[in-house]
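Using the sequences and the hints given, assemble the complete structure.
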Amino acid sequence: MKKESERVVIPAMTPAILGELIGRMGPTLVLLARQYTSAAEDAVQDAFVRLATQRTMPVNPEAWLFKTVRNRALDLRKAESRRKLREANHRPSEFFTEPSVDGMDADLAVNALRELPEEEREVIIARIWGGLTLAEIASAYDSSAATAHRRFEAGIARLRKLLGEACPNP
Amino acid sequence: MSESLDNLNKLAKFTPTAGTLDRDAVMFAAGKASVRSGKIWPALAGLLAMSQLATLVFLWPNRQTTIEPSIPFVQQPETTSMDEKKAPISPVPGSILWYRTGESRPETLSFGHSEIVSSGPIMRVGTLHLND
Numbered sequence: 101m102k103k104e105s106e107r108v109v110i111p112a113m114t115p116a117i118l119g120e121l122i123g124r125m126g127p128t129l130v131l132l133a134r135q136y137t138s139a140a141e142d143a144v145q146d147a148f149v150r151l152a153t154q155r156t157m158p159v160n161p162e163a164w165l166f167k168t169v170r171n172r173a174l175d176l177r178k179a180e181s182r183r184k185l186r187e188a189n190h191r192p193s194e195f196f197t198e199p200s201v202d203g204m205d206a207d208l209a210v211n212a213l214r215e216l217p218e219e220e221r222e223v224i225i226a227r228i229w230g231g232l233t234l235a236e237i238a239s240a241y242d243s244s245a246a247t248a249h250r251r252f253e254a255g256i257a258r259l260r261k262l263l264g265e266a267c268p269n270p
Numbered sequence: 016m017s018e019s020l021d022n023l024n025k026l027a028k029f030t031p032t033a034g035t036l037d038r039d040a041v042m043f044a045a046g047k048a049s050v051r052s053g054k055i056w057p058a059l060a061g062l063l064a065m066s067q068l069a070t071l072v073f074l075w076p077n078r079q080t081t082i083e084p085s086i087p088f089v090q091q092p093e094t095t096s097m098d099e100k101k102a103p104i105s106p107v108p109g110s111i112l113w114y115r116t117g118e119s120r121p122e123t124l125s126f127g128h129s130e131i132v133s134s135g136p137i138m139r140v141g142t143l144h145l146n147d
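Protein sequence lines correspond, in order, to chains E and H.
Residue numbering for the first sequence follows my numbering, starting at 101 and increasing by one per position.
Residue numbering for the second sequence follows my numbering, starting at 16 and increasing by one per position.
Since the hints were made in silico from the structure, they are not lab data.
Predicted model only: the values in this text are computed from it and were never measured.
All C-beta atoms, glycine included, are put in the ideal place defined by N, C-alpha and C.
Heads up, a few of these hints could be off.
Stated by the list, open to error - To give an idea of the chain E side of the interface with chain H (calculated C-beta under 10 Å), a few residues:
1. Gly119
2. Gly126
3. Val130
4. Arg134
5. Val149
6. Leu176
7. Ala209
8. Val210
9. Leu213
10. Glu215
Said to hold, decoys possible - The list that follows gives simulated cross-link-like pairs (lysine to any residue, SDA-like), each with its CA atoms no further than 25 Å apart:
11. E/Lys167 - H/Thr32
12. H/Lys25 - E/Leu208
13. E/Lys167 - H/Gln91
14. H/Lys47 - E/Val210
15. H/Lys25 - E/Glu198
16. H/Lys25 - E/Val210
17. H/Lys25 - E/Lys178
18. H/Lys25 - E/Glu253
19. E/Lys178 - H/Gln67
20. H/Lys28 - E/Arg227
21. H/Lys47 - E/Gly203
22. H/Lys47 - E/Asp142
23. E/Lys167 - H/Asp21
24. H/Lys47 - E/Glu162
25. H/Lys25 - E/His249
26. H/Lys28 - E/Gly203
27. H/Lys28 - E/Lys178
28. H/Lys28 - E/Val149
29. H/Lys25 - E/Glu162
30. H/Lys54 - E/Phe252
31. H/Lys47 - E/His249
32. E/Lys261 - H/Lys47
33. E/Lys261 - H/Ser49
34. H/Lys25 - E/Asp142
35. H/Lys54 - E/Glu253
36. H/Lys25 - E/Arg124
Structure, rendered in C-alpha cells:
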C-alpha cells in the first residue's frame, strides 16, 4: 500500500529526468543490489523500468529507487543458488572503479562493507554514496528516522573499527 | 579519532561501478514499458466496424421490394391533317395522368363519352364597373 506522501500528483517521468537518474543513481544502486544478488544490474534496470511506468512520479524518486532495487534484489536472491552468489562476491574489484584511494585498497573497502549487518550496510550505502538523508532512508525502508539514525551510527562505528584495524596508524 | 574519520573519508571517495548497466538499454526498456496499451479505442473501432457491417447487411437492396414506376397510357393513332383537331389523349382510369391536377393542365380532359372543361383557379379580384 503506497503511502500518502507518494501520491502527490507531480509531472510524470520524462526521458531527461530518467536519464539523469540513471546516470547519477545507477552505480550506487548497483552497489546496493550487489549485496543481495549477482544479477544486480537486472534488479536496477527493473527498478528504473517500473519507475518509468508509474502513473504519478514519486515525491522522492531516489528513495523510491533504493527501496525498489532492494526489494527486487531480494526477489532475485531467492532464485539464485548460494554458489552463484558466492562466485559473484569473489570479485570485489568490480564494486568500485578505483583500485585504491589515498592508500586504501578497494578490496579492503568491499570487505569492510561485507562485514556490516545487512540493515547497517543499506543505510551506509544510501547515506554515503546515495546522498539520501536519514529521513529519506527511513521512508525508503519503512522505518522510523530514529531507527535509521541508530543503524547509521552503528554502521559508522563498525566501519571505523574495521578500517582502523586494517589501516593502523604507523 | 581523526584517523578513523580519514578512513571513512577515503571510503566515501570510492566510486561505485555501474557494471553491465547500460543507460541506453535501460532507457529503451523503460520507454517500451511505459507505452500504455489502451484497449478502449481498438474496441470502439471494432464495434463501429461491426455496426457498419450490420447496417450494410440489413440495408442491402432487395429486388422483390423495389417499386418500378410505370405510366401506362394508350397512344392515339396519328393524324395527318394539321387542321384537324388533335385527338385528346385519353388516360386510362386509375393511371397517373388520370389523377393529374397540377403542372400542365390540359384544356380538356376526355373521359370516355363526356368532356370536362377544366376551369382555372378561382380568382376574386373585386367588382368591375365598366359603365361608370
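Double-check E/Leu176 for me: the hint is only fine if its C-beta lies closer than 10 Å to a C-beta in chain H.
14 Å, violated
Is H/Lys25 within 25 Å of E/Lys178, Cα to Cα?
34 Å, violated
Between H/Lys28 and E/Lys178, does the CA-CA distance stay at or below 25 Å?
Between H/Lys28 and E/Lys178 the Cα gap is close to 32 Å, so the pair fails against 25 Å, i.e. violated.
Are the Cα positions of H/Lys47 and E/Gly203 separated by 25 Å at most?
Distance of about 45 Å is beyond 25 Å: violated.
Is the straight-line distance between the alpha-carbon of H/Lys25 and that of E/Leu208 25 Å or less?
11 Å, holds
Would you settle whether the hint for E/Arg134 is holds or violated, based on the nearest Cβ-Cβ distance to chain H being less than 10 Å?
8 Å, holds
When you check the alpha-carbon spacing of E/Lys261 and H/Ser49, does it fall within 25 Å?
46 Å, violated
Given E/Leu213 as an interface hint, is the shortest Cβ-Cβ distance to chain H below 10 Å?
Given a least distance of 8 Å, the restraint on E/Leu213 holds.
Does H/Lys54 pair with E/Glu253 here, judged by a C-alpha cut-off of 25 Å?
52 Å, violated
Does E/Arg227 lie within 25 Å of H/Lys28 when you go C-alpha to C-alpha?
Holds: H/Lys28 and E/Arg227 sit about 13 Å apart, inside 25 Å.
Against the 25 Å threshold, does the CA-CA distance of H/Lys47 and E/Glu162 hold or violate the hint?
22 Å, holds
25 Å Cα cutoff - pair E/Lys178, H/Gln67:
Violated, at about 54 Å.
Checked against the numbered hints above, the structure breaks hints 6, 10, 13, 14, 17, 19, 21, 23, 27, 28, 30, 31, 32, 33, 34, 35 and satisfies the rest.
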